[in-house]
Amino acid sequence: MTEQHQDQPQAWTPPRFLPPAEPLRHAGGSRHHPAVSYAFVPGYRPLKLDLWVPEGDGPHPVVVFVHGGAWALGDRGDLLPAQDISVVIDLLLAADLAVASIDYRLSREAIFPAQLHDTKSAVRYLRRHGDQLGLDSSRTAMWGESVGAHLAPLLALTADRAELEGDIGVTGPDSSVVAAVVWYGIYDLAALPKFVLPPDITLPADTAEDLIEQLLGGVADPELAVPASPVTHVTADAPPFLLIHGTADRLVPFEQSLLLEKSLPTHGAEVQLVPVEDADHGLFGAPELATPLQQTVAFLSTHLREGNR
247 MTEQHQDQPQ AWTPPRFLPP AEPLRHAGGS RHHPAVSYAF VPGYRPLKLD
297 LWVPEGDGPH PVVVFVHGGA WALGDRGDLL PAQDISVVID LLLAADLAVA
347 SIDYRLSREA IFPAQLHDTK SAVRYLRRHG DQLGLDSSRT AMWGESVGAH
397 LAPLLALTAD RAELEGDIGV TGPDSSVVAA VVWYGIYDLA ALPKFVLPPD
447 ITLPADTAED LIEQLLGGVA DPELAVPASP VTHVTADAPP FLLIHGTADR
497 LVPFEQSLLL EKSLPTHGAE VQLVPVEDAD HGLFGAPELA TPLQQTVAFL
547 STHLREGNR
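Counting in the working numbering, the sequence shown runs from 247 upward without gaps.
Watch out, some of these pointers could steer you wrong.
To be verified - Capping the alpha-carbon separation at 25 angstroms, the derived lysine to any residue pairs in SDA-like fashion look like this: (1) Lys440 to Ser422; (2) Lys508 to Ala437; (3) Lys508 to Thr481; (4) Lys294 to Leu319; (5) Lys508 to Gly463; (6) Lys440 to Asp330; (7) Lys440 to Asp483; (8) Lys294 to His278; (9) Lys508 to Asp434; (10) Lys294 to Ala328; (11) Lys508 to Gln518; (12) Lys440 to Gly304; (13) Lys294 to Ile331; (14) Lys294 to Asp377; (15) Lys508 to Asp377; (16) Lys440 to Arg354; (17) Lys294 to Pro419; (18) Lys294 to Gly304; (19) Lys294 to Asp330.
Think of the hints as simulated: they come from the structure by calculation, not from any bench.
Working from the sequences, and respecting the hints, build out all of it.
As structure tokens, then:
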């Protein structure tokens, strides 16, 4: 770990950290645990997740969703920009899959690998309290969109990398997952030398012009991009991947998905790439979203039914 990462505040878990309180119950029997604090950083906001659990005692497999937002904005309420959150949640619940949407520290608050540490902490929290929540946390999958599809594959590919695990929140359980779905993500930072949002998207005043530089600590150092790139960490232990990407993406080029699609099979890993013709970032401009959503749920259902790794 470089010196610039050593000074970051570390999150912590109170000594008597407990699972969520009694959930909200919805028609049909599903349960909702809103705003669950899974870890804290001293002097900083709690890191939270929202959890939805299907009806029945379970235990249910769980999908952990990581939001986008250029690493600089967004929260757990932002699932897919082109689709209402309730549609996504209902599809997963109908497939008997629990879903947790998580917050993580933004690049304006902490530099990499804080975001990865937070994501791993959320998985460990769900694993620690899975029995009480009706979850089969041995069957956990990741789903990320945009920069969430940078963090989700990083987690999926680094389960055995102790130096990237972090020690925030619940410690002890591992953060391994059995599958990953990534929508129009960033997989090789060095191959995307400039990541700047369109002018019609307003960012906070303290956001740097180059969003990758801000994530990595405000310096243009290609060596820092290597450990922060999912393609760096592909091994034979990689779980199955589903990649979905618009062919007309003006923010994250479609070639990013081609890079990951090429890398995974060379190590014996399973990967499926689904191009969405003429779709821009966020799959805006796609003829419809029902098909990629159905493909995602089918992929998750298949691999989460196969049990733990």
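Output the indices of the hints that this structure fails to meet, ascending. 1, 5, 6, 7, 12 and 15
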